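S.K.: Listed below, chain by chain, are the residues.
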Amino acid sequence: MDAKLKETILNPIFKGNPITVLVLGICSSLAVTVTMKGALVMALSVIVVTGISSLILSLLRNTIPGRVRIIVQLVVVAMMVILVDQILKSFEATYAIDKQLSVYIGLIITNCIVMGRIEAFALGNKPWPSFLDGVANGAGYGMILLIVAFFRELLGSGTLFGIDILNRFGYVPNNLVILPPFALILLGCIVWVQRSIQKDLQEK
Amino acid sequence: MNTNNNLYTVIYTTLIVVVVAALLAFVSQSLKGKQDANEKADTISQMLTAAQFGTKAEFQKIGNAAVLAKYAEEIGQAFTVNVNGEKVKDLDLTKVYSPKELKRQNYNIKGGANKTGEPEIPVFVFKNGKTVVPIYGAGLWGPVWGYIAFEKDLKTIAGAYFDHESETAGLGAKIKDDPAFQAEFVGEKPAFTEANVFDIVKGGSPKEGDAEIMDNKIDAITGATMTSNGLDAAIDTWLGAYAKYFTSAAPACEKACCQEGGEGDCEGDKDCENKEVEE
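Taken in sequence, the protein lines are chains V and G. 67 is the number that the numbering used here gives to position 67 of the first sequence; each next residue is one higher, with no gaps. 94 is the number that the numbering used here gives to position 94 of the second sequence; each next residue is one higher, with no gaps.
The hints are simulated quantities; they were obtained by calculation from the structure and are not laboratory data. This structure is a prediction, so every number in the text was calculated from the model and none was measured. Misleading hints may appear alongside valid ones.
In silico BS3-like links for lysine-lysine, alpha-carbon gap of 25 Å or less [said to hold, decoys possible]: (1) Lys244(G) - Lys103(G); (2) Lys127(G) - Lys89(V); (3) Lys127(G) - Lys56(G); (4) Lys155(G) - Lys89(V); (5) Lys56(G) - Lys99(V); (6) Lys37(V) - Lys176(G); (7) Lys61(G) - Lys37(V); (8) Lys244(G) - Lys89(V).
This is chain V alone, in the form it adopts within the complex (with noise of 0.2 Å):
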């Protein structure tokens, strides 16, 4: 793999994560991020959305008209949404996950994120790189939400993925860290650290 190929799946993950250094996506992120299993949904989805989008528009890239462009990419991006939606609605196992994610998953057409790669990365690169950079972005993404997901469930709920952790010793479950407030304060401890890592993202 060439080395342009790996930066374009790396760098999303940590350098240029969507969330902490491009501050992409962070509405959903408070909203779904309540528990482990809401948020890794969402990530997969995201990831989905994200990586075919791309995908397909990169393939479209010669043939869209530039005045209609974005048009056409709410079009494409608006069907996965809805694809992805159904497809959560069909299946027993995720039928009650995609209900309690309800608007959040409808809501991925608006995540910045999404339009964002495909404006700057899939109208202009051949259609594997595209396809990855988007599988990246949603997976710097997801993980953000997971390991944010990871302490508000475990603090807010005592539990992860729904099974009991902290519960089983007396802990009292902290009802603020289910409120989203807390999401913004723990996202925000997430940013600190990134840029204390990676100094060339301080402001002089």
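Fit chain G to the given chain V structure using the hints.
M.R.: Showing chain G alone in chain V's frame:
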């Protein structure tokens, strides 16, 4: 190729929209059966949870097929009633009222521009005598609905389960996620004869010593005033619509002669016979 040509742009966008629409229509149609089955099992598990046959989490664990089997085993009869408490028609025991149908009936009860006909609201009577009725209304962000189960006397609430589309997680969503909130309903007695059938109040339901008074009031959810008010209105509207059914079907067997171990001659007591038919 000149992709900025007007004709090209129009044809291109038309084509892509048609292709996407066709694909989505196809997927939606082919998955509809499975989605409906999931929704039906979910609705049934909500009714079973309200009637205290188990918890929602348990029903989720055992899967759709087992939930349907449990329902088939426990359900006694199902029928619709009108606002005068008269039975309209029997319902197929294998079918349930989806939230969509509840929404339609909600319009019918409340009247107004969206009314499509006279209200026909379902009553589900289980073999153990518990009666389950649905409620439906508006929360803060979207609809809230649920099921309230009554004891055999049709006066005392045996249990309740509520669901919502998009209430705030951790606040309004507690109507669904907090078993303690749902447990508050148990033992309460809605005032069917009054205009205000049930109340979800701020500041707590009045208590006498340690024993909670079983009246028609429960404590609202802190930080979820709009959801609590919405649920309160939904319960008032729906139980209000059922009030005549409950008052006409219930008191019949309150007479001492009809209660277990009660004394007296029940034969020839028309009300009691009716009651037995109802069950």
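S.K.: Hint compliance check: list the failing hint numbers for this structure, sorted ascending.
M.R.: 2, 4, 8
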